[in-house]
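Engineer: Could you slot chain B onto chain A? The hints should help.
Protein sequences appear in the order of chains A and B.
Note that our numbering numbers the first sequence so that position 37 is 37, with each residue one more than the last.
Note that our numbering numbers the second sequence so that position 82 is 82, with each residue one more than the last.
Bear in mind the hints are in silico, worked out from the structure with no lab data behind them.
In this text, all values refer to a predicted model and were calculated from it rather than measured experimentally.
Worth double-checking, as some hints may not be accurate.
[As the list claims (entries may be wrong)] With a cut-off of at most 27 Å between alpha-carbon atoms, the simulated BS3-like pairs for lysine-lysine come out as follows: (1) B/Lys142 to B/Lys90; (2) B/Lys182 to B/Lys203; (3) B/Lys175 to A/Lys68; (4) A/Lys38 to B/Lys175; (5) A/Lys68 to B/Lys215; (6) B/Lys167 to B/Lys232.
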Amino acid sequence: MKIRVRYFARYRSLVGKSEEELEVPDGITVGELIEFLKERHPELKNEVFAEEDDLADVNVSRNGRYVKFDEALQDGDVVAIFPPVSGG
Amino acid sequence: MLSEREIERYDRQIMIFGKEGQEKLKGAKVAVVGVGGLGSPVAYYLAAAGVGTLLLVDEQRPELSNLNRQILHWEEDVGERPKPESARWKLERFNSDIKIETFSGRLTEENVEEVLKGVDVVVDCLDNFETRYLLDDYVHRKKIPLVHGAVEGMHGQITTIVPGLTKSLKELFPKVKEKEEKFPIIGATAGVVGSIQAMEVIKLLTGIGEPLINKLLLIDLALNIFDVVELK
Chain A
1 MKIRVRYFAR
11 YRSLVGKSEE
21 ELEVPDGITV
31 GELIEFLKER
41 HPELKNEVFA
51 EEDDLADVNV
61 SRNGRYVKFD
71 EALQDGDVVA
81 IFPPVSGG
Chain B
1 MLSEREIERY
11 DRQIMIFGKE
21 GQEKLKGAKV
31 AVVGVGGLGS
41 PVAYYLAAAG
51 VGTLLLVDEQ
61 RPELSNLNRQ
71 ILHWEEDVGE
81 RPKPESARWK
91 LERFNSDIKI
101 ETFSGRLTEE
111 NVEEVLKGVD
121 VVVDCLDNFE
131 TRYLLDDYVH
141 RKKIPLVHGA
151 VEGMHGQITT
161 IVPGLTKSLK
171 ELFPKVKEKE
181 EKFPIIGATA
191 GVVGSIQAME
201 VIKLLTGIGE
211 PLINKLLLID
221 LALNIFDVVE
231 LK
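Next up, chain A with everything else stripped away, as it sits in the complex (with noise of 0.2 Å):
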């Protein structure tokens, strides 16, 4: 199936682009998608996402909606990966 896969905040800079269209496997979860991410774009492995068992350091919308990682995605959706900032 296919989906959309939007770049928010420094992620965007690590991948170099603003959105891209993946092809992916049926049922693919959220906490998948983000293992997939990772083999496509190793800058985003270590600079990113925190070690292993670490995903929630992530967050991800999907269809304009805050989701978690066990949902199963559809062909199709749109999903935005963003950091959680914490500057004051």
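Structural biologist: Relative to the frame of chain A, chain B by itself:
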């Protein structure tokens, strides 16, 4: 009651939310926690709007490298008085009709109840999530709104937490990786995000418009993107 002077001073905004709205601002007490890059524009605009009592909370003193963004602190304040006092000095001269209270110290589990007592809205202008979770717990105990803002570089995010209506800040951002102390930032980014936080407070207090409840506003000033993510 508003004085003649207040009615004149706030004339342009009374056109928007009426004397009634202005009275609501006057009767409110708002805590600005963190008087730095975000806290400066937030406190400045809330003082300008005539919020009756502002409580400024910060433990630090201004440093020279703060001045690119923390516009309530000037060269003469560097290394001198704590940020809440530095800001109070200007705000009192800017608007003598409002009351400025300060707490120059670290907010802790032990003192948060005492420091934030009687506050109607808390504005999160902090630079770390550890203290943010402290605010989050506090507003949930008191059932008052928390206006969250954060910035880095040319990006920012804003959402308003309302206990009972929205997720808590901790549920939204459970495990934020704390970075080393120094993060890149252009002052105007904090200006944009802080101004939006001030608007959130004004909307919450007067009832005009729609606060960012269950909505996360993401801002990318490098690429001119304002995106609202639904949180529910």
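Engineer: Next, verify each hint and record whether it holds.
Structural biologist: Going through the hints against the structure:
no. : hint                 : verdict
1   : B/Lys142 to B/Lys90  : violated (30 Å)
2   : B/Lys182 to B/Lys203 : violated (32 Å)
3   : B/Lys175 to A/Lys68  : holds (13 Å)
4   : A/Lys38 to B/Lys175  : holds (19 Å)
5   : A/Lys68 to B/Lys215  : holds (16 Å)
6   : B/Lys167 to B/Lys232 : holds (8 Å)
When held up to the earlier numbered hints, the structure conflicts with 1 and 2 and fits the remainder.
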